Every structure is written in C-alpha cells, then in structure tokens.
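Visitor: In the working numbering, the protein residues as written are 678 to 1300.
Among these hints, one or two may not hold up.
Just the calculated beta-carbon pair ranges, DEER-fashion [stated by the list, open to error]: (1) Gly940 with Val717: 33 to 43 Å; (2) Gly940 with Gln909: 30 to 40 Å; (3) Phe833 with Ser1262: 30 to 40 Å; (4) Gly689 with His757: 25 to 35 Å; (5) Leu1151 with Pro685: 49 to 59 Å; (6) Arg1029 with Phe974: 22 to 32 Å.
Straight-line Cα separation of at most 20 Å, EDC-like style, residue types lysine to aspartate or glutamate; simulated pairs [claimed, not checked]: (7) Lys1159 with Glu1052; (8) Lys971 with Asp853; (9) Lys1107 with Asp1236.
Honestly, the hints are just simulated from the structure, not real lab data. Nothing here was measured: the structure is a model prediction, and the numbers come from that model. The beta-carbon is built from N, C-alpha and C at its ideal position, and this holds for glycine as well.
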Amino acid sequence: MNTVSAVPYADGPRLLADVGATNIRLALEIAPDQFSVSAVLPCAEHDSLEHALQAFLATAGHPVIRHAALSLPNPITGDHIKLTNHPWAFSVEAMRRHLDLQTLLAVNDYTALAMGLTRLEPQERVRIGGGEAAPGGVIGVIGPGSGLGVSALVPFQDRNVALITEGGHVSYPPQDADEAELVALATQRFGHASGERLISASGLELTHELLASRSGLPPPRLSAPEISARAQATPADPVALRALEMFCAMLGTVAGNLALTLGSTGGVYIGGGIVPQMLPFLARSAFRQRFESKGRFRSWLERVPTWVAVAPRSALRGASAMLDDHLTADHGAGPLLVEIRAAMDRLSTSERTVAQDLLSAPRAWMSDSIARIAERCGVSTPTVMRFCRSMGFKGLADFKLRLGSGLSGTTKVAHREVQHEDPTAERIGKIFDNSISALIALRDRLHPAAFERATAALAGARRIEIYGTGSSALTAEDAQNKLGRLGLAALARTDAQLQNLTSIYLGTGDVLLVLSNSGALESVNEAVARARRAGTTVITMCPQRSELARLADIVLPVDHPDDVHALVPMLSRLAQTVMIDALVSDLALQRRDAIGSALAHQNDQRFVTLSSHSRFTPNGKEH
C-alpha cells in the first residue's frame, strides 16, 4: 500500500463524514491523512444529517469548506438518499447548496473502505492465515458491523477503482446442521437468509438466540458486544462461545466465496467494527479453514492471504481518497487544462480567478451552473462567459463539452431533475448540464467496432428504411434528409401501422435503422423481427438492455436515466441526433469521391440548362 505525503490542500480543509446507524464520525482533513478537528456525534441527537454537519462545523469555528465527502451505509443510486438503517433522507444537491459547498460527494461506506486500503500502512493490518498477495491482483473487502459490507479494489492502469456492490445481501449457504437451522430461522423471520442477516451484529444476536433457546429456558437478550465479551471471557460462556465460533466460520465461508468470485489474488481484507475487537479469537477459529474449504480450489485459496484492517478512521480515509480522485483524477492531463495554464497571463484579473477555480477542481465544474460558478468565484455570470470566450468557446455549455472530453473515465456529471422552485439560472444550468451528461455518457458507451459495422452496412445498403415514432419521428425524418443528401436511398416511416405493413417488403441487402426511446414498443418490435427474419440488417439506436436491442444486428446504445420525467425524450432525441450526425459524417468521408462526381455532374447539367435557356448568343446579341 502507498504512503501519502502530507502536502496541505491548496483550497483549504475538506469535510469528511462517516455515517453509521448510531454515530457519525466527522473530521476536517487539511492534507491527505492529516486531520485538524474530529468528532463523533450520536445520530439520535440530530434531526437530520445536514444539521449534524452544521453542528460539527460550528464547533470547528465555521471554517470555509469547498469540498466534502460522505461515507454512507447505503447504495448510492442518485441524488435522493434514504438511509437504510436510519430515518434520515436528503438530496445531495440540496445539501451541497445549503452548506455552500463546491463539491459534495456521497459514496457507499465499503466502497470508501476499499479505497482507504490505498492509504493503509503495513502496521495497520493483521494477517490471518497464510498466502502471499500477487502484485497488481484484485483485492476483496468484506466487513461485518451493523450490516455486512462488500467491495473490491481493482488496479487499473496507474489508478485503483473501488467496486460498488451489495454483496452482503447474497443468500448464505449453510455448511452444517447448526447453520441450516439458523438459515431456516432467518428465512422464517425475514423471508431471506442473506449473509448480512447472519454475519453482522444482529446476526450474532440471532445466532445466540437460537442456541440459547435449546436450553428450554427463555433465551437472554444480549447485545452483540455482550455476546462477544462473554465468549472471550475466562471462563467463557458456552452458548456465547458457540455463537461466536459460528460467526467466525460463516465469515470464512463468505470471504472465500468472495475471493473466488473476484479472483482476489491480491488478498481479502476484513473491516467493520466487530472483527478488530476479537483478533486472537478469530485467529484460533475455523475462519481460515472455512475460507480455504472449497473442494478442488482449496490449493488456489491457500495462496490467497487474508488480513484484518485495524486502521483508525478507515471509512474517513477512504472517503478522502475518493474525494481526491473525484477532484484531481487526470488533473493536468486534459489538453484544455494545459491551454488554460498557458493562457493565464493574457486573462484579466477576474478571468484568472475563474481559471484558478477551474484548475483547482475541474471535475466539480462539470455539475455546476454558471450562477453557482460565478457566486463561488465572486464574479458576475458575464465574467464566466467572458472567460469561456477568451478560451475560444461560445459559452459554458460548449466549454464543458471540451472539458469533459479531456478528463478520462466517466464524468461525474449526474442527471438532475429540473424543479419548479429552482431559480431561472439554475434551471437553465441543469438543462444544459443534463444534455452534456447524456452526450458524454453516449460517447463513453459507444463501441467503435459497432459504429464501423453500422456505417459499412448503411454504405452498402440497397435501400435504407428508418423507423421512428413519437419524439423519435423527427429524428427519423432528419436522418432521411441527411442520408439522402449523400445519394443513399433512405426513407423514413413514422407511423407504427405503416411500419408493420411495409416491413414485409424488406429483405436481404436492405438496412432497417430503428430509433426508439424505450425499445419496448410491441408493434415496432414485431416489424423489426419480421424484417430480420427476411434477412434485413437491423441497426438500432435504443436502450442497450431493451427487447429491441436483442432483436438487432448492430446496437448503438442510447440510454437515458431511469427516473421518468418530461425531459427524458428530449435527451434521447438529442443523443439520437448526434449519433445520426456522426454516422452521416463518417459516410460522407467514405463517399467523398462519389459525392464529388455527383456534384460535378449536377453543376454540368445546370450549366447546360442555363445555356440552353440563355437569351444571348456567344457574340452578345439577343436571340
């Protein structure tokens, strides 16, 4: 693992929060792995997470914070977050605005823990069992606490990528009679016996309850810490001892499953709040034996090391690593950023302020409106526009497209719903940002090989029919016009009934180009299936997991966000239009000679026609 040099952040301290079911751990980080202020606040004492963050900042003296990261025990699927084990719910974007932050990053806690491994010192881990890590191997991460977190760290080029998973909710496979009885009890009580139901604090309590009930007496209601303490006491409580033994064995089973699933030649790390409190017990338990007990793959797993991470603030350090990656990944690699640094001397004072803000966190700019950028820089919105124009762009939207293309990987722009109560500037910003986000996502998903197959099929087609209904009808007609100008026999059909009737005439040598926002319109899919059976080459622009995509020969994926609202068709139509433009541009380059000959012939014919209708003879006299 890497040791991070403690160079102070140029843009001031960063706010980090690790939100648990009971407590929130908070810190101000002034440099990587260096904290100036930290605190633990009980969740029950605060009405909301935002209130808890404000209370912490108040005790820290209200420092100016530009960037913050939240580690949450939740899947992060969008802007609105409802905590699984707590009544708190909030909008990330609204909280960012209320706290006056430039960046607020929300991440899953075990994804953060996986990233935190990049900052782990050798003395902050304890080996359990044998094995040696393979250099550059995938690392599995698992940790029982209030739930069961699962993630992985995957080396990629010169960076590490943390996987977002919900692996704690996979079904648990019982390995003996006691575990089979426990799985039956969990299934009866909860409907599903997942790893999290059994290998967690509540799982340890459930195991103890089952074992204690065998005595015929009412089982004592003990908390997980009490059970662990009784099991490790001298003399040990026999029921608590057996419960903790089962807990360790089951942890070994799922950890071994994780290693096989991921191919974790880099090892498996165990985090969470339970295991570090029982290290000697875990080392003596059946954990490692269960980890390796996978039949023919025992020898493979014997070579995979397992460690317990005992570093303090593991989730906070991971959130810090993810925030740093979010803000500075590929910092300076984009040609546009290089151009901006070179242009600093010729910019005005106010434009330099805007440029310095961009250079400090280029990815954060991708999701900010022009009003937000201007407010943060202390300048007017025309100044931001002037900066963009000074760099050779028409405006902020144009600038963001170039900026996004210069930052490798998936852009951090997210789809944000336009709300009625949004200020006008913010509504406009969201619409442009959503369009930019959709186009960048389209660019990143498009496979060059599929695009090349599509252009080759269109170029060699006997005839091209284009299907589009609803909002896709306009794009279909636009495609007909553009392809026709290249001399291709293209015809748009925008009526579903007519599509169904005429599809019977399509066959070998024809190409059917289908544009669809959903890929689920039954009448269109029937027509496509009929044409495909007749030998027609089918190209689709639709969601890549739709029924229409399954029917196609070539899929050019056009996906939109899952949340359905008025702007989704607009984004899909925009993506389809840009894809058509890309295809037409490529076809035009391929057909340059043919187009040139056609234009020359057209000009010759026009000259002959004009000459034949001229009122003047070559000597200038009128006929």
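Visitor: Each hint: holds or not?
Guide: How the hints compare with the structure:
{"no.": "1", "hint": "Gly940 with Val717: 33 to 43 Å", "result": "holds, 37 Å"}
{"no.": "2", "hint": "Gly940 with Gln909: 30 to 40 Å", "result": "holds, 34 Å"}
{"no.": "3", "hint": "Phe833 with Ser1262: 30 to 40 Å", "result": "holds, 31 Å"}
{"no.": "4", "hint": "Gly689 with His757: 25 to 35 Å", "result": "holds, 29 Å"}
{"no.": "5", "hint": "Leu1151 with Pro685: 49 to 59 Å", "result": "holds, 54 Å"}
{"no.": "6", "hint": "Arg1029 with Phe974: 22 to 32 Å", "result": "violated, 60 Å"}
{"no.": "7", "hint": "Lys1159 with Glu1052", "result": "violated, 43 Å"}
{"no.": "8", "hint": "Lys971 with Asp853", "result": "holds, 15 Å"}
{"no.": "9", "hint": "Lys1107 with Asp1236", "result": "holds, 18 Å"}
The structure fails hints 6, 7 (numbered hints given earlier, in ascending order).
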